[in-house]
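Participant: With the hints as your guide, set chain H onto chain P.
2 protein chains.
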Amino acid sequence: MAGEGRVTLHGTWASPYSKRVELALKVKGIEYEYVEEDLMNKSSLLLQYNPVHKKIPILVHNGKPIVESMVILEYIEETWSDGPRLLPEDPYERAKIRFWATFLHQQVFEVLVLVLKTDGEAQAKAMEQLHEKLKLLEEGIKGSFPGGSPAVNGENMGLLDIVVCSYFGPYKVHEEVLGLKYLDSEKYPLVTSWVKSLVQYPAVKESTPPHEKSVALVRYFREKALQSPAGVL
Amino acid sequence: MAGEGRVTLHGTWASPYSKRVELALKVKGIEYEYVEEDLMNKSSLLLQYNPVHKKIPILVHNGKPIVESMVILEYIEETWSDGPRLLPEDPYERAKIRFWATFLHQQVFEVLVLVLKTDGEAQAKAMEQLHEKLKLLEEGIKGSFPGGSPAVNGENMGLLDIVVCSYFGPYKVHEEVLGLKYLDSEKYPLVTSWVKSLVQYPAVKESTPPHEKSVALVRYFREKALQSPAGVL
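Chains as they are written, first to last, in the UniProt record's numbering: chain P, 1 to 233; chain H, 1 to 233.
Derived from the structure by calculation, the hints contain no laboratory data. Some hints here could point you the wrong way.
Said to hold, decoys possible - Residues from chain H that keep clear of chain P, each with C-beta distances beyond 10 Å, as calculated:
| no. | residue |
| --- | --- |
| 1 | Tyr17 |
| 2 | Lys42 |
| 3 | His61 |
| 4 | Thr79 |
| 5 | Thr102 |
| 6 | Ala126 |
| 7 | Leu178 |
| 8 | Lys181 |
| 9 | Glu206 |
Claimed, not checked - Quick list of in silico lysine to aspartate or glutamate cross-link-like pairs, EDC-like style, CA-CA up to 20 Å:
| no. | chain 1 | residue 1 | chain 2 | residue 2 |
| --- | --- | --- | --- | --- |
| 10 | P | Lys142 | P | Asp82 |
| 11 | H | Lys54 | P | Glu139 |
| 12 | H | Lys64 | P | Asp90 |
| 13 | P | Lys64 | H | Glu78 |
| 14 | H | Lys54 | P | Glu138 |
Even for Gly, the Cβ is constructed at its ideal location relative to N, Cα and C.
Chain P extracted, bound-state conformation:
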């Protein structure tokens, strides 16, 4: 099969972008080596593989690097095409999945990060934006996927499940650090039940870091951002 050969993922354990590649590899059942990168001290391999963005995740397949998480997910789907599917067959169904994945990728995470790195009025404003996005997602999912979760089939997470899970999978971590709930099952019943079912998937469970470790990291970043005048996270 086209997907034979050596596979290495360069990532960091807390990055949602690494997480989605990790989940895709697990859904497909692809064996891979994992290299944890230190972003404060980037390896020469990282800089060689991704000279444009100097970022993770990087998937290296038989010596060839692929970068940008969404590009990597498409590559995995196309290369290991005989494994479980990440995208449905039908072009229109694929377009819907890609649309919502792009929405999450381009619009939701930056607002979530803003909530995590601010307080007071700035946080209230960011939280309002997050709720607007969650409302759009709730209504959009209801309209776009009348059958419920957009998993490719009941057994396997698909591309959109993976992207949702990479951002909202750690919602309990976020909620503990913030001391407030944002994933509200009364306001967003579909999104909430979707995320709660995704975190029960074996691939997600086995790749989820210990809760306290994640809380400590998000708390550290939050405190650092709050102390910085520019709010850099």
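Facilitator: Then chain H, alone, in the frame of chain P:
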């Protein structure tokens, strides 16, 4: 074939995002109806088809809307799969095309717009950023596509050609409004010759608005942005 049926594109004549859908449809030889939208007075169809972003372009195929230009290009490629190809067969080659298309989509256009809507020191800074991006593109294209242009074949523009052309195709319009050159054949020989060959493609020529009309519009937006304290374009 899967791509049969009625096709309508909702766009605006000066949008690079509409332009790329228009070019993809022309490359594939797909007949379509074009609806020019007035973004100051959005049609009820536009709002119905794209309630999340309320933006163009929107491709409507047999009554079903597809939005987001990059999602639409993938949809066109997959639906009219027996027409000329927009993407190569090999997953790694596809990943390279998608990587550079994402780079242009996410990083280059906003800098180009910044150059067009500022002057003085702010413009000098934006121009410096644009040159950094052009340098990355020049080096990246050299490394990624040793054969030269990433056109899928010599006859047909591919997805990356289309994205490049949607931004830099009107470089003469930008240069006239700015009164300066940015597409420098000495600094960026590959990118410059690539863009210059793309604007000669029949599909591009027949979809390029009259030069003076484009100059007038870009000049209008530039003047409006310079008059606005927030520099809104």
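Participant: Please settle this one: H:Thr102 was flagged as non-interface, so is its CB more than 10 Å from every CB on chain P?
Facilitator: For H:Thr102, whose nearest Cβ neighbour in chain P is about 6 Å away, the distance does not exceed 10 Å, so it is violated.
Participant: Beyond 10 Å from every chain P Cβ: check whether that's true for H:Lys42.
Facilitator: holds (17 Å)
Participant: Beyond 10 Å on every Cβ pair: is that true for H:Tyr17 relative to chain P?
Facilitator: H:Tyr17 clear of chain P: closest Cβ-Cβ about 13 Å, beyond 10 Å.
Participant: Non-interface claim for H:Ala126: all C-beta distances to chain P beyond 10 Å?
Facilitator: holds (19 Å)
Participant: Hinted pair, alpha-carbon criterion (20 Å max): H:Lys54, P:Glu139. Please report holds or violated.
Facilitator: holds (15 Å)
Participant: At 10 Å, judged by beta carbons, does H:Leu178 keep clear of chain P as stated?
Facilitator: H:Leu178 is indeed farther than 10 Å from all Cβ atoms of chain P, at 26 Å.
Participant: Between P:Lys142 and P:Asp82, is the straight-line Cα distance small enough, at 20 Å or below?
Facilitator: Given that 20 Å is the threshold and the Cα spacing comes to 30 Å, the pair is violated.
Participant: Does H:Lys181 really sit off the interface, with its C-beta more than 10 Å from all C-beta atoms of chain P?
Facilitator: holds (24 Å)
Participant: Per the stated criterion, does the least C-beta distance between H:Glu206 and chain P lie above 10 Å, as a non-interface residue requires?
Facilitator: holds (26 Å)
Participant: Does H:Thr79 clear chain P by more than 10 Å, comparing its Cβ with all Cβ atoms of that chain?
Facilitator: violated (5 Å)
Participant: In terms of Cβ atoms, is chain P entirely out of 10 Å range of H:His61?
Facilitator: violated (8 Å)
Participant: Please work out if P:Lys64 and H:Glu78 have their alpha carbons no farther apart than 20 Å.
Facilitator: Roughly 25 Å between the alpha carbons, so the hint for P:Lys64 and H:Glu78 is violated.
Checked against the numbered hints above, the structure violates hints 3, 4, 5, 10, 13; every other hint is satisfied.
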